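Those letters in the sequence shown? Residues 366 to 612, by my numbering.
Hint data in this document are derived by calculation from the structure and do not stem from the laboratory. None of these values were measured; they are calculated from a predicted model. Treat the hints loosely; a few may be bogus.
Result set (DSBU-like, lysine-lysine): computed pairs, CA atoms no more than 35 angstroms apart in a straight line [what the hints assert, rightly or not]:
hint	residue 1	residue 2
1	Lys-537	Lys-437
2	Lys-512	Lys-437
3	Lys-443	Lys-537
4	Lys-537	Lys-512
5	Lys-512	Lys-443
Computed Cβ-Cβ distance ranges for the label pairs, DEER-style [said to hold, decoys possible]:
hint	residue 1	residue 2	range
6	Gly-473	Glu-586	38 to 44 angstroms
7	Ala-585	Ala-429	20 to 26 angstroms
8	Pro-408	Arg-515	35 to 41 angstroms
9	Thr-421	Glu-586	21 to 27 angstroms
10	Thr-587	Arg-515	42 to 48 angstroms
11	Thr-450	Ala-382	20 to 26 angstroms
12	Ser-602	Arg-453	40 to 46 angstroms
13	Arg-491	Tyr-434	19 to 25 angstroms
Every residue, glycine too, gets a C-beta built ideally from N, C-alpha and C.
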Amino acid sequence: MTVDASRVTALSRYRVAARERLIVALDFPSLAEAAEMVGRLAPVVSWFKVGSELFTAAGPDAVAMVRAYGGKVFLDLKYHDIPNTVHRAVAAAGRLGVVMLNVHIAGGEAVLRAAIEASQSLSGPRPLVLGVTVLTSDETDVGAVVKSARLARACGLHGVIASAREAAAIKKACGEEFIVVTPGIRPSGWPGDDQRRTTTPAAAIREGSDYLVVGRPITAETDPRFAAETVLAEIESAPRADSWRAR
Numbered sequence: 366m367t368v369d370a371s372r373v374t375a376l377s378r379y380r381v382a383a384r385e386r387l388i389v390a391l392d393f394p395s396l397a398e399a400a401e402m403v404g405r406l407a408p409v410v411s412w413f414k415v416g417s418e419l420f421t422a423a424g425p426d427a428v429a430m431v432r433a434y435g436g437k438v439f440l441d442l443k444y445h446d447i448p449n450t451v452h453r454a455v456a457a458a459g460r461l462g463v464v465m466l467n468v469h470i471a472g473g474e475a476v477l478r479a480a481i482e483a484s485q486s487l488s489g490p491r492p493l494v495l496g497v498t499v500l501t502s503d504e505t506d507v508g509a510v511v512k513s514a515r516l517a518r519a520c521g522l523h524g525v526i527a528s529a530r531e532a533a534a535i536k537k538a539c540g541e542e543f544i545v546v547t548p549g550i551r552p553s554g555w556p557g558d559d560q561r562r563t564t565t566p567a568a569a570i571r572e573g574s575d576y577l578v579v580g581r582p583i584t585a586e587t588d589p590r591f592a593a594e595t596v597l598a599e600i601e602s603a604p605r606a607d608s609w610r611a612r
C-alpha cells in the first residue's frame, strides 16, 4: 500500500471520535507478536480486536495484554452454542474486561437473549454485545442482513457486525444508536484478499458504519503506526452521512 504523507497530520488534530472508530485486528499466532504490535500502535489506537487465532494461542493473557497498554478489547469469537454456554462465555469475557464481543445471530433468539442477559448481569462494566450477520468472505442479500439486525435489536443486542453496503439500511431499520461494526476495511490501493466484502474507511463512514476493523493494511506495513495514522486521517476527513434517513 502506498500512503500519502501529506494526508497524515499530528495526532492532536484527530478528533477523539476518529480514534474511537478504528479497531485494529491482532491476527497473530503468538502473544509476543501481538504485544509488539500493540506497543507500537497504542499511542494512536484505542481499540484492538482479539480473534480466534490469538485467543486460542494466548487465552485471557491476550486481553490482559491489550488492557495493560490502555487499550479496549473487541473479543471476536463469534459465540455460537447452546444458550447456557453462551451465557457463561459472555459473562466470563466481561469479567476479563472485554469491552465489546459478538455472537452469531444464526444461533437464534434464545442464544441472543442469553448473551445480553449475561452482559447485564455483571456487577462491573458490561460489554457491548453485537450480532454477526454474515462473514466478510460471504455475499448475501441486504434484506437478509437487515432482517438479522432487526432480530438482534429485538433481543436487546447493542448492534451488529455488517458490511458498509448494509449500514444505511440497518440504521434506517434499527435506529441511529444501533451500532454497526464493519470489518474488511481496505484503504484505497490495498490488494484484494480472502475478504470479498471490503470497502474503504471513508466510504464506510459515509454509509453509516460506527466502528471500522482494519488488520493487514496496518499490521503488515513496515510502519504500522504511520499506516494507522493514515486510516485515522481518512476517517477524520469523511463526513458522516445521514443518507440512511431518506432511504
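Problem set entry | Index of numbered hints that the structure contradicts, given in increasing order | 11
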